[in-house]
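> With these hints in hand, go ahead and build the complete structure from the sequences.
Numbering (UniProt numbering) for the sequence shown: 1 to 306.
Don't take every hint at face value.
[Stated by the list, open to error] Straight-line distance between alpha carbons at most 20 Å, and here's what the computed PhoX-like set of lysine-lysine pairs gives:
1. K220 to K190
2. K204 to K231
3. K203 to K44
Don't read these hints as lab results, they were simulated from the structure.
All figures in this text were calculated on a predicted structure; none of them were measured in a lab.
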Amino acid sequence: MAPEVLRGAGYDGRCDWWSIGIILYECLYGHTPFYSDEDREKTKKNILNHRDGFRIPSRPFVTDRCKDLLRQLIQDPEERLSSYRYQLKDKSTSIHGMTGTSYVFPGDGEDIKAHKWFRNISWHRLHLETPPFVPQTRSVDDTRYFEDDERISDWSSTVASSNNEQTLGREEVRLLLRGMREDVHAFAVKLISSPYDPRSIDKKIDEERGLFLREREVLKRFVRVYGRKDKRRPRDPLMRDPKIKHAVLSYRKKTAFLGYTWRRRRAYGYDIAHKGDMAAARRVASKTKVSVGWTPRARPMHDDDI
1 MAPEVLRGAG YDGRCDWWSI GIILYECLYG HTPFYSDEDR EKTKKNILNH
51 RDGFRIPSRP FVTDRCKDLL RQLIQDPEER LSSYRYQLKD KSTSIHGMTG
101 TSYVFPGDGE DIKAHKWFRN ISWHRLHLET PPFVPQTRSV DDTRYFEDDE
151 RISDWSSTVA SSNNEQTLGR EEVRLLLRGM REDVHAFAVK LISSPYDPRS
201 IDKKIDEERG LFLREREVLK RFVRVYGRKD KRRPRDPLMR DPKIKHAVLS
251 YRKKTAFLGY TWRRRRAYGY DIAHKGDMAA ARRVASKTKV SVGWTPRARP
301 MHDDDI
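Structural data, given as structure tokens:
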């Protein structure tokens, strides 16, 4: 949500371009730039103070042009990249002493489309080009490219985590992450030593210094398989009532649409145990009641990939 919307002041179509910047950031780094583990109020404060708090991580690598686009989108509306017509409107309302009003100019993304990051995009022919990836679906309701939902996970995380309650030891982690550095083993142990917040764990991993891109991707998957999700107090009063919460949850499971999470095309695979270690890895898995079978395989990435 754009800062001008949070302030309750007048806003126009530029608030949507702020959202585009946030979505682009999340696609690149796996988390939103202003999210706080504390509460929503802290997140709102981070958004309102974006001039002082907004930072672009050093990892993974992103081109300077992409960083420039992010900085120009995650701005106050007066400086936000969108359309020069909004700036003209701002000057006009200021001269006539008018307050800000909601307005959306048609085709108001021309300055964004002209940014250097899109230098190779032929916008007038985009609808005629073949996408880099075309899903092969069998029917209109084919969901093979979406992540399988583990369980009904949020009417505010009231369902007990499906992850194993037993924490892996250092030797078990070393076995599962064989071929990775000792620093990575130690960090992996630290990550699963306490319950994690699914919304912020990627940010924590991305901010850890000294990790390679392959190691970050493997750790993100590792935590989700072997870590324990943080159980939070439900926001819904009905779900806090011990007498009716199970009935409410059962009803909502049957009637609610949870949505889908797109299955991301990653740069690396996630088979952690090598073939020679599968027997030992399965012994570890039997103790923790999880399945093992993923080994990191690297594919070289180029600067122009992002």
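> Now, for every hint given, state plainly whether the structure supports it.
So, going through the hints one by one against the coordinates:
1. K220 to K190: Holds: K220 and K190 sit about 13 Å apart, inside 20 Å.
2. K204 to K231: holds, 18 Å
3. K203 to K44: holds, 18 Å
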